[in-house]
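A.B. asks: The listed protein sequences correspond, in order, to chains P and H.
The first sequence begins at 1 in the numbering used here and counts up one residue at a time.
The second sequence begins at 1 in the numbering used here and counts up one residue at a time.
None of these hints come from the bench; they were simulated from the model.
Heads up, the beta-carbon is just placed ideally off N, CA and C, and yes, glycines get one too.
Not one of these hints is a red herring.
Per the computed footprint, the stretches of chain P lying under chain H, defined by three or more beta-carbons under 8 Å from a beta-carbon of chain H, are:
{"hint": "1", "segment": "121-135"}
{"hint": "2", "segment": "149-162"}
{"hint": "3", "segment": "175-184"}
Using C-beta positions, here's what the derived DEER-type ranges look like:
{"hint": "4", "chain 1": "P", "residue 1": "His-583", "chain 2": "H", "residue 2": "Leu-261", "range": "50 to 58 Å"}
{"hint": "5", "chain 1": "P", "residue 1": "Asn-159", "chain 2": "H", "residue 2": "Pro-157", "range": "27 to 35 Å"}
{"hint": "6", "chain 1": "P", "residue 1": "His-623", "chain 2": "H", "residue 2": "Lys-12", "range": "47 to 55 Å"}
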Amino acid sequence: MKFLQNWLSTNTVPSPLRLLDFAYLVVILPLLSIIKLPMLLFLLLSSILIIKEKKPTNLTQILVGIFALLSLFFSLYGSFNFAGISRLKLFIELLIYILFIAISMQRLTGVINIYLKLSPLFLLALSLFFFHSVSMLFYVVIEIFILTLLILWQIMQSNFSRVFRVSSLLFLTALPWVILLFIFFPRISFEHANYGFKGESVKRMGHDGKMYLDNTALLVPSERIVMEVGFKEKVPKPDMLYFRGSVLYEDKNNHWEPLVLNNAPRQIDFNTTINPLSYKVTLYPTNKHWLYLLDMPITAPKNAQINTDLETTAIENVTKILHYNATSILSSQIKQPISKPTRRASLTYNTKANPKSQHLAKQIREAFTLPSQRLLAIEKLFKTQDLTYSLSPKPLDLNHSTDSFLWESKEGYCVHFAAAFTTMARMVEIPARIVTGYKSNGEKSVKNYLVVREKDAHAWVEVYMNHQWNRVETTAFASHVKLNGETKEAQGALSYQLSQLNLTLLYVKYQIETWILEYNYLRQMKLFDTLKTDVGFLLKFVLLLLFIIIASSFAWKVLREQVCEDRLLCMIYPVLKKVEKLHYHREDKESLQQFFHRIESDSRLFQLKSLNQLYHKLRYAPHPTKEEYKAFERVAKLFLKSF
Amino acid sequence: MNSFQTFNQTRKRLKQRASWYSLLVVVMLFGFFLEAYMHNFNLVYITLFFVFGLAMSASPLGILNIGNTQVTLKSCERLFAHEKSHCYFLCHNPNTFESYALELHCMGNNTAIKQIGSQKSVTIKVPILAKKRGEFEINNCTLESLFPLYTIHFILPLTYSEKRTTYPQPKGITLQEYLAKRKTSFGDEQDFDGIRQANEAHNLARIHWPSVAKGESAIKIFDHELPQDALNFDFFTAAKEDEARLSQLTLWTLECEQKGLDFNIVLPHEILYSKRMQVDEILTKLALY
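Isolated chain P, as found in the complex (with noise of 0.2 Å):
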């Protein structure tokens, strides 16, 4: 306790050590989350010993040595083969293991050497080596003030307030550097620059490339973001935010799957007259293969392909964030020519399902001859039989689903709609599959930036006709819509204003992100680029320079701005600088009341007496109260008033 209190106590001046347990425990902190038990053991006994601040016996530090020694060992155990020897992450970790145990064992001894110095610098530049998140961009940040902080307060031997008035105006100054630099430094960098480096182990996914009509279902309605958008213009309408994953024709009683024959890359006739609209998407790990682009994409990211089916998919699982750039044309049908297999596969149906259905199917076939027509018979058919959209649906027969769906249970979400259409649509001989990705309402958007989620995760129908893949909204069928019993106005206002507030955030995190974090070469080029041919973006820039430069310089004033210490000075100190205003000069050795008594004749300091009176009687008061001082403040402010 009387270590913290001693350590904590920002009356005194820190000693160094103090300073260096202080600077460790900001640098080692971001570390605690990488390090194994073992380690983290060692540096609670070390802490320990250091908290008791007994000088260790030759026989204590010995056994600090072993225990080391030991959490060294099991700390690396495992990676002790050549697999684990070839990354570069292990040789780091290493190094960090053994500037813990020097560190220690040195601070144990309570003599500072030049290690125990330079240490911390280490920790810092060794912990950059595992983190790169917005977190921790900050965490830096506020990490390298503290570290100016503290090397100002070993040199100013001064207070807090002061150090870290000094510490904010050296960190202004800096600024202006920092952020040239990060703009205008080149970005050379070695090729493989992951080298030895895993991505993020958390996987995240609410699509596995099939769809389930069972209770194994994923469906996740998880608030977990899948990806980020962000489009050079505002964010499309909602009725074309369609991510494209995985195309399913084959329907297997409780779930549907995909066609392995249309693997094959996409030899596809896009409508020219749709702009194509480019895009990037900040795509987290999902350890899944599928990238998911706008429909309907036309340019695949680096180290992708699009397929017949217009499926995009990455060469790898995607195990860490992924950004990619993408071209899509929104459109909701695509003109493509259908194969034998891919015909047969669209048209296949289980004959000994679904009888009432099939019935159904078979007076729609008589009565209409066209595929439009049929198509039109079915929506007129979804949207007769009073179907409730319900992420908590009643059981289907699953032997039978179409006809459970459509005639028992009548409720049902995306995947339940888009199976008992596609199978209605089969019946009545128009090819049709489902197609399972994201689709975003919209109102996950700011400007242009959007935010997909799990519970975006949705299955919508596509029918040939005319020679053209159509889009089909199923769900747009449904009567009624039951959201596990709430309502979008329970939700009430609050709940949507922290809503948009999270939303605000996640956008300025992704603009970070975008703009400072994964800012590379080629970003830089462009921004290059843009300067040299847009004169507005030119203008606005070195405007935002300029303002930089301005606050930065404003904030240097406000900061150099003498502290006033003595309250009583505080308050007659806009008064002396009127009065100097009015050419009445204190002379040397001249007392503040005998300034004041040369200069009251003036007509326009008549007030002065008055001030002069209470100044004094505060002064010299053992015990001025409060109404004494707010009395003085009230005079002072009169006199300032009256010029």
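Let chain P serve as the given structure and place chain H on it in line with the hints.
C.D. replies: Chain H in isolation, oriented as in the chain P frame:
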């Protein structure tokens, strides 16, 4: 613009030297660059730029910290050869911001000044050790600082040069010893000065018998019994060598000053009267002999 000109003038007043910590900054920059080059992590670049930015910003802050400080020699204690004395410097900070971590380097001594408040002054006591008597020049003083980040050594040369007199080292026998050595404190026993009226308290040995014979009671008065105006110190008899004589005379002068005694110093070509001269004048005469 004016403030830039002022800053530039202030900068010109100073000398800036890279300290060993600058080397550390260079190593850090190189290390961070390698790390950034290998992994293309913008976090590393940002750290690198902050280190660079802070190192660059240290310069203006350091200049403003020390550049406007005014240092004047306020006074000095009496300077004696081979003896440690002190001079007092007045350091004034005219800025609206405090100055920190200053160090006054003067005559081979470094004196730390932790902080000078804005528009405030502090008096700094600097130890001085003069090696010989005579004129002593206080020059080559500098005000130095490593503020804010230890990376740059800011040196403000103090251009003034002031001459002070170093008095001879007070050394030799004390005044008390000197007087004890003498047979009588003042004058000679045999110097008969005259007679005066006697009373019963007087020693019979001093009775002036011829007067008694005439019917008067009188006693003999000798020269050494009369109060003297001043002590007389002779240059040649003070010691055997000139330097030792001067040291001896300096010591006696100081002792007389302390005891409030008047004295005269008989030099080969002049006599120094304490009644007519200040003690410092006498000491200066001795210093410059």
